[in-house]
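Position in the sequence shown (from 1) plus 345 gives the number in my numbering.
Quick caveat, the hints were computed from the structure, so don't treat them as lab data.
Keep in mind the model is a prediction, meaning the values are calculated, not measured.
Among the clues, some could well be false.
Below 25 Å or equal to it, Euclidean Cα-Cα: the simulated PhoX-like pairs (lysine-lysine) are [as the list claims (entries may be wrong)]:
1) 383 <-> 414
2) 414 <-> 392
3) 423 <-> 400
4) 377 <-> 414
5) 392 <-> 423
6) 452 <-> 430
7) 383 <-> 452
8) 423 <-> 377
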Amino acid sequence: MPSGCPDDLGPLQLAWLGDAVWEMHQRIMFCKTPARSKDLHEAVVSKVNAESQAKALSRLEVYLTDVEKQLVRRGRNKVGRGSRKLDVAIYSQATGFETLIGWLFLKNPARLAQILDRLEENESFCP
Numbered sequence: 346m347p348s349g350c351p352d353d354l355g356p357l358q359l360a361w362l363g364d365a366v367w368e369m370h371q372r373i374m375f376c377k378t379p380a381r382s383k384d385l386h387e388a389v390v391s392k393v394n395a396e397s398q399a400k401a402l403s404r405l406e407v408y409l410t411d412v413e414k415q416l417v418r419r420g421r422n423k424v425g426r427g428s429r430k431l432d433v434a435i436y437s438q439a440t441g442f443e444t445l446i447g448w449l450f451l452k453n454p455a456r457l458a459q460i461l462d463r464l465e466e467n468e469s470f471c472p
């Protein structure tokens, strides 16, 4: 289990960690399906981009606690211009999502599991 105090980390550090946690989760979900590694890679990439992360956050927002909503807001507000190819609103939503995932990974893994389970409902993990 990870150690450290997530409250000592900034939102962008938490987002960086959350991005890695989210990608690992997606890889685990997709590796349960037999497929070529190229197909698995493409399927995971489609789930770990900013647009998919922003959509995941919108599906979760009604289930988040006030503390979790504040973490998302902190992450959203820390974003600068973002990517040239992407709307800054989508990029900031994705960063807020990653911040939440990173914080939960360190602070409350049981809650992280609940949130990931919620996102898996009605999802297909076939490449």
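Structure-based check of each hint:
1. Only pairs whose Cα atoms come within 25 Å are accepted, and residue 383 paired with residue 414 is rejected, the gap being roughly 36 Å.
2. Taking the CA atoms of residue 414 and residue 392, the gap is about 22 Å. The hint holds against a cut of 25 Å.
3. Our distance criterion of 25 Å between C-alpha atoms is met by residue 423 and residue 400, whose separation comes to about 19 Å.
4. Among the hinted pairs, residue 377 with residue 414 is inconsistent with the structure: their alpha-carbon atoms are about 32 Å apart, more than 25 Å.
5. For a cut-off of 25 Å, the pair hint linking residue 392 to residue 423 stands: about 23 Å separates their Cα positions.
6. A threshold of 25 Å between alpha carbons decides the hint, and for residue 452 with residue 430 the separation of about 33 Å lies outside it, so the pair is violated.
7. At roughly 34 Å between alpha-carbon atoms, residue 383 and residue 452 are farther apart than 25 Å, so this suggested pair is violated.
8. As the CA atoms of residue 423 and residue 377 are separated by approximately 35 Å, the hinted pair breaks the 25 Å bound.
Of the numbered hints stated above, those contradicted by the structure are hints 1, 4, 6, 7 and 8, listed in ascending order.
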